[in-house]
Each structure stands twice: as structure tokens, then as C-alpha cells.
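Participant: Here's the letter readout for the chains.
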Amino acid sequence: MLDTTENSETLLEVNNIEVIYNHVILVLKGVSLSVPKGGITALLGGNGAGKTTTLKAISNLLHSERGEVTKGSIKYRGNAVADLNPAALVKSGVIQVMEGRHCFEHLTVEENLMTGSYTRRASRAELAQDLEMVYEYFPRLRERRKSQAGYTSGGEQQMVAIGRALMSRPETVLLDEPSMGLAPQLVEEIFGIVKDLNEKEGVSFLLAEQNTNVALRFAHYGYILESGRVVMDGPAAELRENPDVKEFYLGMSDEGRKSFRDVRSYRRRKRWLS
Amino acid sequence: DLVFPSLSYRTGPYAAGGIPFADGYADYFTMVNARDGGIGGVPIKMIECETGYNTEKGVECYESTKGEGALVYQPLSTGITYQLIPKVTADGIPMHTMGYGRTSAANGKVFSNVFNYPANYWNGASNAVNHILDINDGNIEGKTIALVYHNSAYGKEPIRTLEELSKKHGFKLSLLAVDHPGQEQKSQWLQIRREKPDYVVMYGWGVMNQVAVQEAANIRFPMENFIGIWWSGGEHDVLPAGDAANGYKALTFHGVGKDYPVFADVQKYVVEPGNAAGAGDQIGTAVYNRGFYAAMLAVEAAKTAQEIHGVKDITPAMMRDGMEALVIDEAKMTALGMPNFGPSFSVSCENHGGPGLGGVAQWDAGAKEWKLISDYAPSDMEVIGELIVEDSMAFAAENNIEERCN
Amino acid sequence: MSANFYFGVEVFLNGLMAGVMYSLVALGFVLIFKASGIFNYAQGVMALFAALTLVGFQNGQIPFAHLINAIFGTDLHHFGWHMPAFLAILCALGVMILFAFLVERYILKHLVNQEPIILFMATIGLAYFMEGFGDLMWGSDIKKLDVGIPQGGNIWLEENTAFLGGEDFYGFYLDNLDIWATVLAAILVTSLVLFSQYTKTGRALRAVADDHQAALSVGISLRSIWVIVWSIAGFVALVAGIMWGSKSGVQFSLSLIALKALPVLMLGGFTSIPGAIIGGLIIGVGEKMFEFLIGAPFLGGATENWFAYMLALLFLVFRPQGLFGEKIIERV
Amino acid sequence: MNAIDSYLTPDGRTIGAPVMEMKNITLRFGGVVAIKDISFDIREGEIRAIIGPNGAGKSSMLNVMNGFYHPQEGEVHFRGEKRGPMRPHQIAHQGIARTFQNIALFKGMSTLDNIMTGRLTHMKTGMLSQIKWWGAAQREETANRELVEKIIDFLEIQTIRKTPVGRLPYGLQKRVELGRALAAEPKLLLLDEPMAGMNVEEKEDMSRFILDVNDEFGTTIALIEHDMGVVMDIADRVVVMDYGKKIGDGTPEEVRTNQDVIDAYLGVAHD
Amino acid sequence: MIYREAGDFKTSYAKDQQTFPIAFDRWGYFITLAFAFLVVPFIINDYWINAVVLPFLIYAIAAIGLNILTGYCGQVSLGSGGFMAVGAYAAYKLMTGFPDLNIVFVIFLSGGVTALVGMLFGLPSLRIKGFYLAVATLAAQFFLVWLFNKVPWFYNYSASGQISAPERSIFGYAVTGANALPAVSYLFCLCFVVILAWAARNLTRGANGRKWMAIRDMDIAAEIIGVNPLKTKLTAFGVSSFYIGIAGAMLFAVYLGAAEVGEAFGISKSFLILFMVIIGGLGSIFGSFAGAAFMVLMPVLLKNVMVGQLGWPTDMAAHFEFVIVGGLIVLFLIVEPHGLAQLWRLAKEKLRLWPFPH
Ligand SMILES: Nc1ncnc2c1ncn2[C@@H]1O[C@H](COP(=O)(O)OP(=O)(O)OP(=O)(O)O)[C@@H](O)[C@H]1O
Ligand SMILES: Nc1ncnc2c1ncn2[C@@H]1O[C@H](COP(=O)(O)OP(=O)(O)OP(=O)(O)O)[C@@H](O)[C@H]1O
Ligand SMILES: [Mg+2]
Ligand SMILES: [Mg+2]
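Protein chains in written order, with our numbering: chain F, 165 to 438; chain H, 994 to 1399; chain L, 186 to 517; chain D, 20 to 290; chain V, 166 to 523.
Hints in this document: simulated from the structure, not taken from any laboratory.
In this text the structure is predicted, and so the values were computed from the model without any measurement.
Glycine included, C-beta positions come from ideal geometry on N, C-alpha and C.
Any given hint could turn out to be false.
[Said to hold, decoys possible] Stretch by stretch, here's where chain H covers chain L in the computed footprint (C-beta under 8 angstroms, at least three residues): (1) 329–340; (2) 480–492.
[What the hints assert, rightly or not] The calculated lysine-lysine pairs, modelled on DSSO-like cross-linking and capped at a C-alpha distance of 27 angstroms, are: (3) K55/D to K512/L; (4) K255/F to K385/L; (5) K315/V to K1165/H.
Kindly produce the complete structure, drawing on both the sequences and the hints.
Facilitator: Here you go:
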């Protein structure tokens, strides 16, 4: 595993941001995090913690949801993100894979993938090669390349969404729940791909994940978000050893993995809340 | 002040006709104020209110102006007229619908407050047929006349009359409806091309007129056999078709062109001081003259009212009496600088519609002007009168109106 | 064959031609819908505005003269030049592109990711606005538009087909203007189809229509897409404005041609450029033939307006997405 | 197929007669064969899992069960009767409710209203008494509201009762969707990846709910899930699909050790 | 704290379901009603009633109707003008055919007739959706207008095809015709508005409303949870047309007094009502009122300011009116796509938090 902590440059810096939806709903209450170049950073947390919101704030997609960053700053390579429109951001190498797939329903799978290369000036041959790469990663997509994305299964759409992002040859990928709805085998594969890209091509990742187990296995560093605040952060290996994380995010108790059948509704209070 | 509201429409689909009319209506009042210091010394106050040819806005305009002591309404829209008939009757304000509106309002026995002198739609239909009769030495047995009409209350008005006349004169009538706004009339004109009617009479308004003239030119229908009602006889209706429109005829009940002494006054008292309504470029056009004429009739009626009641500051009720007693003769018009500008006629309690005299104007594309080619000739009151009685009595029955003037 | 048959054929041909005229308007709708999922009600007003601008340039009218005169008491009307048609068209096109920029800047930008009906409403608001604005700028009187396109029956055709139907038949009547419209439409459609199917931008257009947010997320700049599309739509509006304006003069009613384009759109499918043409042909022929065979003889005429819609409705019941529209994806 | 009428689960519950039987179902979309000749049954009171790789046809299978897709071949038997051609809403009235893989909540409505829609199949007052409101309509509304409030308590979503669901985070939306399905008091509940996008803690909760529903109301449940831990723990029997075919069927234990299943789906044998 | 809901606890579900759960709102509502019934009739004059109040009330009914269809059930309709025409002509035929029939019945019956016609034109909605449906409803608009224009039976064979409302009275007071007193026709309309708004509220808050909204938000899912789409859409079309028909009947009989179908019930009417619904807020009864008020008042206000106060030429004022109304519509949509009702709601949320920002 790459050691990323000290000397590598910080690509993305989120500084104490506050996000409000619809002028009234305060969702992020001061979130700070940083993504180092060449690192895989995980953003963990329960439902509604604000992971998606954080990612959207970074990729500047909040506007279209009537959300606003009201405090704090987000910098990519030292430039304030707020000044860039989403397209410019993609051009400078940041791409987001949105939660819930968001494929272009009426475009075929292949056309969907091709839209990923929209900001690139690449030759046909290069594009064909990249397309080939995506198909290598997801052979299932090759079979379905001519069908309209709207008719593919949930998992296939997830693959399309990820493949589409890869087509932009990004420098930083914001992955929102990539494992959602994917078969276990494929989850492993996807994280394998993430790791691959990270190690071979130096792509940095910020990934929001519920599947803490896998996420922490592949990430270098993790942040845990709860109700719009970062409650804990640290190198992935350390987080994995934290007893609270173990209990609440990895589903382990002292005796090893608990059975889902045995959990009771009763819950222990999380240490950081006390 | 004597208040004359002008329910105009300078916007919307019928603005092309609404603008010149409103200009003419306004300019006459301006002229009277500047030249004579008003009517009998009382200045005129004209309140313009934009209706956009929309009935609801028309009502709003009516309500907002009637409180000012409006003397007479000239709504320039058949739709608004229908709306206002009960209202003006209840409020005791007269309404003048000149050459449009509810034709049977000519029956003063039923419609106490509505006037439509000097001519109405049915007169127009008969005038057109009479003109055709004239050309054909009084015999049009077996000929075909096609009516191209705006598919609305207005356009449908002449149908009954024409049907009666066709029975009487033995011509064949063929009806062609054109839907609002009338940009696309291919079907109708192909049908005309196919059926080759001898004459085409048109009841159009707005863009429908231009398209019809253009289409007629396109299929090379002989223009001199194409006769429009007065509302289809504006310059803007024929100009777009260029030379092809040469010879097109339109009915009229007032003078066309600028060749009247009164226009010198307009020039002097209205245009030169910079008080012309609108852009001031409409003077002398057919529809401008119509507005001008309408205002003249209103002023004359007001004068009559002042005479009858011996008061200068007349009320709407007095104005109504003035209108009912209005007499327009050649001497009066000459004195006004408008010799032969319109037919001579008089209004009475029973007859609010005047004699229904109408002339024919023909378009000279080279000179770009209308030329009056006939005298103001009477229409077939035998037929029309009967229809008017029938329709107005039906209205009276529906609304429990007792006949007046007995 | 009887003359009646040839009359039928003539009506049919003219129906085709009328259809082409409708298609010219429908194309603008399709472009914008395809590219952004916006049902642009303002398309008709855009055609009017484009035509007004064109005439204004041609005649050297001073924009807002009326307003200026009213405020400053001046008496301005014309610059006093007469611009050649070609130059005036270019200038009008420039104005339409500027318009596209402004629409993006002040309206669309703020409405990213809204429901289609909201965008639709915004375009109606825009239509209102432009209607008033166009009138303020150029005046609401009727104007004659002439860029040199010939009008009137095509005599050559008429003379050379007169022998077909015997004495009562004069030969086929086709309006020269319509023939021109057909040529223009063919060129427009071909180039637009090529553009949207085979270019990167074309693909991006379709992506934007499906999902604004996702399009943003892959780096498609909605702003430039919208400016491009609205510019093209502005151009199409200009073409439609020229053709319809030559036919009926330029004035308010020109904006109502949008209503003639809607059934075409519905029948051809909101997202299909060829659909706009084929839909137009079907609607044109359908309404003219119906009026010829049934409407005028039996129903008292003026059936065209509703019949076009009914015809389209009938088609839709069998194909809810129109003839060539993208299938509506229904999944759970 | 299965000769036995009932069997006993490891934890001692009795599983009854088949509620739903799928017989030789084949479903095609143009050239794509989503389901190829699959048969299996779901028995009274059991939790039946359907697993398989992406695009295997699991969701399509649920869609066949609730009548949204009509298979080209094969029969569906519900409670012993063969099902004729029926519209999905009729099937809902027979007592089948479901949740969806891509959340299909009614975005413009509050949580409460969404769950109340689940009760629609049980609400019968006519239009006129609705207009009048006082009386029958209000009584019915209140009665159903009480039941729905129970479900809300049960799912622990009291605080978001009046929030429009569009604003809710993903996990809560899934819970609301479950609530909506439960509100219908279905005989058979179909769940399509109810736990996707949840972390372990939330999955534990969700598992708890599912088990409780099954326990307390005796609802039969068919469940699609990719988390093998969950499936192994809470399912009574598992069907495994791959490319539209059935490649395994049996208890979790049997399935887990089935080599075909390991190859096609699990990748490695899971603990 | 002026606006508060804290401390306003509900002890039963019935209480929780009431229309105005917050006491403050409830009182505001009662006061408005009392004002409308007890004060307005005495202070109103001819101008206000005819230019503003009557159209506002009548359009509010139509807007509620369309809101039921479009806002609650998600079916965009551009046929409202046509349906209003059905109401108007039905009223005309009933009034002239059965002179003794009470005007209240006439109006309700007209609504009923319109409901039937609306359901007929609603049939294609099972297959046609979204904008395709919107455009398809134009078929109804154009066809109905053509029909009423073409078939003389509808306008009792009058020469021009205009219909005019004969005088009818209730408790001896004329409500239609020229002799109706402003206060009488105002109260007459107000009663209808209150009853219909109340009925609409009841229809939309219970099972029916939920069915409609389910169809609106996701028709497939709705069908799968047991909503019969055809039946639901048809009831929406029916109820909606009922309201719109009543509005049409009143527009003709009480407000305009005379009408010509193409002019009074043309396509611009359809758009006008759709505007009201959207500006006001889809899926909100209050929004229907707000939208109607906006669209009726705004032009009158603008006109009075520009022509009356500033003395601009009428044509320029009219052009500016278009520019301003169009601009405002766009502005509203940008500021709050969910309409005035949502703006109001947000304002209340803010007030609730006041003086704290969040
Ligand atoms: N468009 C919106 N309008 C209002 N509130 C919103 C909106 N989007 C999200 N929220 C609120 O913001 C909070 C954070 O949501 P977010 O989607 O960021 O959570 P998340 O961590 O991604 O959760 P999940 O794991 O379920 O996806 C939630 O409480 C949600 O209700
Ligand atoms: N309506 C449809 N039209 C065309 N193809 C379809 C349709 N529905 C499903 N398919 C195809 O059928 C196959 C099975 O889809 P299904 O959604 O059932 O998969 P799944 O097993 O649920 O997968 P996942 O775990 O990814 O959700 C897929 O390849 C999909 O593309
Ligand atoms: Mg999220
Ligand atoms: Mg699935």
C-alpha cells in the first residue's frame, strides 16, 4: 500500500464548509478534508451524514439542487472550485460518479461511455482504445453496448456510470457509492480497478462508501462523517482497528462477525457522541 | 369635459387595423379641441384604453372609463360589443358600433342604447351583391359567389343575408370559413381555383386579409371580382401583395384618401403641433378615415344633444338622445370640410342603423391608393329589415325587453 | 382520369408543401427539445422576432424609435438606409445568436435540473417577454417582408400539366414560395441530422436532454450547449420567419404559427429531426385532404386546425412517443 | 417439484405451502433473454432470497411476480391459482407489495403520505364522502393513519414524518419504501435490494425489520440482495440466477458450497 | 415571535389532519373569510368587482380545477379553454332550455356535463404522457371551439353565434344579466369558490389525493402498489373538468354576460390558467388562489400605473405589460420553481426560525 501521508502534495482541500439547501436546510456544518495526490481517500458515514453533499459541493453540482456553500472554501490545486463551472472542473481533471447511476437513458451504453470523453481532445484511435479498456474492465457492458442504457439492469448502469468517468482520463475521481447494487464479485473487481488506476496511473480518489469493510481495505485515509460533521479521521489501517468503527461500520463485535439474525434493536452509544 | 373613451387595440393579432382606427378617432377629437375649443366650448377628453381585442380587457376598460362620465363607447370589436350591450343598457350609456357589432341592434325598438349607423354587416353583404348586380346589368342568375369569412361571430354575420339574397337573385352561394388567425388558407383558395366562382366576397380581419389577397393573386383570381367588406379594405391588407393586388375592391361607407379640406386642419392643428396620435403616418388610410369618421359622428351627435337639451355639459343619457336624433347631410359635411365623406342619413328611435348606404373602392396598386368607384348606394332593406326584426325580437324575447318608440 | 382526381392530387401536393412550411417551425422545437428536454413554447415568437429584426434591418428602422420618441420627444424613425437582403439576414442571425446568449445567461442557467414543466413555463414567460419586447423594438404595425423569394403559382408547372385533366383542369398549382421552402427544409434537415447523429456535440445534446446533472458531471458545459442549440434554433426560426413572413407579412400573428407546428411535432416525435419533416408532410396532407374530402363538403369547413391535432392524437394512441420519437423508457 | 408440503427452518419456524410458484418462466426483451425457463416456489412464511450477478434477471423476476412484465412463456401461480393476464394494480389488490431497486417513492409527498399510499388498496370510501370528509372518510383516514403510525414507529422514522421524501438521504428513502410496502399488509412482500447503499449498522437495522415483519406478521418475503452476509443470515432458502438461468436453489448453506454459484457469483467462498 | 407553531400540539390524528394545523394560520383564514363575506360586499364598487374580483374568483375555480389535474395528478392539460367553453355552452343551453331551472343547479349541471367531456378527452392519457399529452389536449381545445362555432344548435341558431346570458336570480336578486348588483354576483361567486375550494381540499387530502399524487410522481410505481391508473386519471380529468366547467359557466353567465367561443375560450385561456397554476404552485390549493390573483391583478395594476399614473401611451404600456409580466414569470420560476405557495411556505419556515438564520 502506498504511503501517502506526509510529503505528497494536496490536490483537493476542503476547508470548513457549510452547505445549505433551499436557503433553510443546513446539511454540512463545517466539514474539512483533504485529498492528497495519488491517494485513495474514503468518506464514510451513515445515511444522511452528508457524504453526497460533500462530493457535490466539490464538483460544483450543488447549484442545480438549490444548495449553496455558505461558508468555507474548496480548493483544487490551490484554485477555488467555486469559480469554476462543473465543465471546467472536469477539464482540469476532477470527475464525479454520481450516486444512483444517472445514466443517459436514451443513449446506448456505448454512447454513454463516449460522453465521458466529451472534454477530451483525443483521436479516434485513442478513444477506441479507452473504450476497449472499459470493456475489459466490464465485459458485461460489451455485450450490452448497443442497448439503451435505460433498459439495462441496475448493476449494469452502475458499471456504465463508472466506465463513463474513466473515459475522461481523470486525475481525481469522486466516487459516490460505487459498490451500491453490485454483486460481491464485482465489488471486489471495482475496487481492484480503483487500486489499479491509483497505482499505475496515479489517479486520486475520493470515495464515499457505505461498504466500510471494502472501502477501508483499499483506502489510504478515511474520514467519518456524521450529521454533517467529521467526527473522526485517520489512516485507514488505524480506523479499521478503532473499536467503534469496528462495531458500527464493520459489523464486528469482540467475538468476530455478528450474525444479522442476532442483532437486537438495542444499540450501544457511539463513543464520540458521548 | 366631454369624455369619449376609445377602446383601442394597438397590440395583438388585429393591431394592424386597430392602430389606424384609433389614430383617426383620436386625431379628430384633438383637432376639434385645438380648432374649436371642444364641442360647443366644452373641451373633449378622450381616454384611450387598450383592449388587445380581448373581451375581458374590454370589460375592464369599460368599467374603468364609465365612471369618468363616458359619453359613448366605440369598442371596435364585435365580441366586446356583445359583452357591453347589456351593460351599457343598464348603465344608460350609448354605444356606437359603426360597421360592426350586433347587426340587429339597428332595431332601436329593442336596443335602446346601441347604434350602428350608417351601415352594418348585412348592409355590406347586400352592397356587395348590389355591386355585382350593377356590373352584370342586374342579372346574376346562375352565377356563383363565394364568401370567404373569418370563422367567428363577425365573419358569420353576412351568411343569413347572403342566403336570402341568393334565393332572391338566383346566384349560387358557396361558403369558405377561415379559422383565426388565417395564415394558412391554401385549402380555401385551391377550392376557389377549382370551383371558379365568378365573384369572391370576403369578410376578413387581421392577417387573414393579407393572406387572402396574396393567395388570390397567387392563383390569379381576377382581382376586380374579389370584393372585401370594409374591414378587409385597409392599405395594409393589399400592400404586402404588391402589384398583384391591383384591382381588388372593398366596400366602404366613408371617403378614402386625403383629398378633403378637413385634412388641412388636421395637418395644422394636430400634426404640426406634434399631437398626432400614434406615429402620425396613418392619415388618409382607409381605416384611419373610418376612425376619423366615427369621431366626427360622435361629435355631431354630441352637438345635437347639446342643442336638444340646451346644456353644454351633456350626460350619457343626453348623448343617447343626440345620437337618436342625429342627422347627417351633405351641407353639414361640407361645412365640416368633409364633402361627400359619407352618405347622408338620419337616425330615429326605431332605426338605429341608418340607411345602410355603401360604396365601393378599388385598389390602385400603382398609385398605392384606394379610389371610390361608386356612389353610396342603398342596400336591400327589404331583405335585411326582415332579418333585423326577426333577430332583435328573438333577443327581446330572451331578455324580456319591451319595445320602445310606440 | 377525371379532373376531380387531379384536383385531389393537387390538394395532396399542396398539402405536402404546407406540411413543409409547418416543419420549418417544428424543427426549431425539436432542436431545443432534443438538446435540453425543454419544450420551447417561444419558438413561434422567436420566428416573429427574427422576421421583425430582419425587416427592421432591411428598412433601416431605428430600434425602439417609438419609445425614444415618447421619452425624448424626438421624431426618429429610420436610419435612411436600405440594407440588401443578404446582409440583413446575416445581421438578423447575429441578433438571434446574441439572443441565445442572453437566454442562457439570464434564464436557463438558473433553471438547470428543474422539472420539464417549469422550463416549459419559463419559455412561455419568455414568449410573453419577447412579444412585448419585439413590439417595443420594432413597432406593432404590419410589415412587408421581401428577400427576393418568388411568390405566386408556378406557371411552368401549371402549363405543362394542364393537358392532364381535360377542360376543367388548369394544371397543377404549386406556390413558388413553397417550392423554395421545400428546398430549404431539405437542406436544413440533412445538415441537422448529420450534426446531431455524427458529432460529439450532437451526442452531448442528447445527453443533456436526458439528465442535466449527469451531463454536468461528465463535463458537458450546459452553457455552451444551450447557446449552440438556441443559436441554431434561432437560425431555424429566422428561416421559418422569412418563409411565413413572405407569405403573410410580419406582425403579431406570425407567432401563432407555433400552434400549427405542435401537431407536427407530436406526430413526428419531439426528439426526431426527420420526424419533424415527415410529421409535417403527414399533417399537411392529412389536414388538406380531410378538408377537401370531408371538411369542406360535409362539415362546413375550417376543420384544419383541430383535425391536425386529432390526427396526431390518433397516431399517438398507437405510438405514444410519436412516429420517430425516442421510446419513453418505463422501468422500475 | 418439491414433494414436501412444509418444512422446518433451523430456528424452528414452520414453513408452509407454496404461496407463489413460478413455472418455467421465460422472459425476453427483443434479443435479450432476461429469464430463461426458471421454476421455483416461495412458501408461506419463509424468507426467500434471490441472488445472482448483475444483469442476471433478478429484478425482472420480481417484475414478473407482480405483473409488471409479462413472460413470454411459463405460468405464475399465486396461492394455488394460476394467474391470468392481469394488470399490476390488480395484483397489488391480491396482496403482493414490493420495493424497488431504484427507489420509486413519490417524490412530491411527505413520508407519511408515501406510507399512506400503501394503504390505498384498503381504503374504500367513495368520492362523495371524501368531499364531505366529516364522517366516513375521516374515520377511515384516522383508522389507517393509526396503522401507518405503527409502521412509522416500527421503522423508527418518526422524525421525518412530514418531510418530503425527495429530501431524504438514500437510506431513509429505502426505509420509507419498505414502510409503504408494509402498509399494504401484503401476503407476499417483494424486496429488491433493500439494503443497497447502507452501512453495516443500517443493514443490521434493516435485517431486524425484515425478520420482525416476517416473524410478527407472518409475511412471506422474497428478497434480492447482494450482501452475502445478510443473505446467509436471514434467508431460509436461496435461488441463484445467472444470465437468466437458475444455477442453484436451496438453503443458504447448500448454496454457499455450490461450485457453480461460487464461480458465477461469489468469486471466493465467503465466510 | 409573531409566527409560531411551537406549543401547538395535536392530541388526535383528526386534529393533525386538519387543513390549517397551525392556530395562527387557522385564525388568519377565518378572518379572511369573514372579511370576504361581511365587509367586502359593502365596500366594493363596479370597477373592482368587474375588473378584478369576479375574474379573480372565477379563475381561482378554474385554477383549482387545473391544479387538480396538473398539480395533483401530473397530467398537463392545455385544453382548459375548451372545457370552459363546454361549461359555458352547457349553461347557456340549460338556461335557455329550462328557464325555470335555478341558476345554482344550472352551474353545477354545467360542471357535470364538462366532467363527462373531460373524461372523454382524458381517455388517451392512459397511453400518452408528458408533453405529448399536453399537446394532445390541444386537440380538445381546438375541436371543442370549432364545434361550438360550427353547430348552430349550441348557440340557438343566433345569427352571429354569440351567446348571451339571460337574467336569472336567486332569492329575488339577479345574479346574471345586466341588472345583477355587484355585491350579489360577488357573493354568489364567493359561495361557489368557498364550497369548491373546501371540496377540493377534502378531495386532495385523503385517499383520492394520494392516488392522484402517486400517479403524478411515478405512475408505474403507483400502479404496482395498487392504484388503477386509468380510473385515477379519469377521476382527475372528471373532477378537474367539473371545476373548469363551473368556472366556464360562471365566466360566461355571471362575469361576461355574453361570449363568443373562439374569443372568450380560445387557446390563450388555456395558457392563462396553466400560468396561474404554475405561478401559484403546482399541487396547492392556496397556490391556485395566489396564481389567479397574480395573473388577474398584475396586468390591471401595471396598466393603471403605466397609463393612469405615468400617462404613457396605451400601446407602449401594453407592450411593457407583456415584457413585465413575461419577465416576472421567468423571475418567479427562477426564484422559486414551485410557485408562490412554496415561497409562502419557505417564508413561514424562515419566520419560524426567526430571528435565527437556520
Ligand atoms: N436537495 C436537497 N434538498 C434538501 N435537503 C437535502 C437535499 N439533498 C440532501 N439533503 C439533505 O442533506 C442531508 C445529507 O444528505 P446526503 O445525500 O449528502 O447524505 P449521504 O451521506 O450521501 O447519505 P446516503 O448514504 O444515504 O447517500 C440529508 O439529511 C438530506 O435530507
Ligand atoms: N424492459 C427491458 N427492456 C430491455 N431489457 C431489459 C428490460 N428489463 C431488463 N432488461 C435486461 O434484462 C437483464 C436482466 O435485468 P435485471 O434488471 O432483471 O437484472 P438484475 O438481476 O436485477 O441485475 P442487478 O443486480 O444489476 O440489478 C439485463 O441485461 C437488462 O438489461
Ligand atoms: Mg449519498
Ligand atoms: Mg436488479
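Participant: Hint by hint, say whether it matches the structure.
Facilitator: Going down the list of hints, with the structure as the test:
1. 329–340: holds (count 4)
2. 480–492: Per the Cβ count (7), the hint holds.
3. K55/D to K512/L: holds (26 angstroms)
4. K255/F to K385/L: Given that 27 angstroms is the threshold and the Cα spacing comes to 16 angstroms, the pair holds.
5. K315/V to K1165/H: Cα-Cα ~21 angstroms, so holds.
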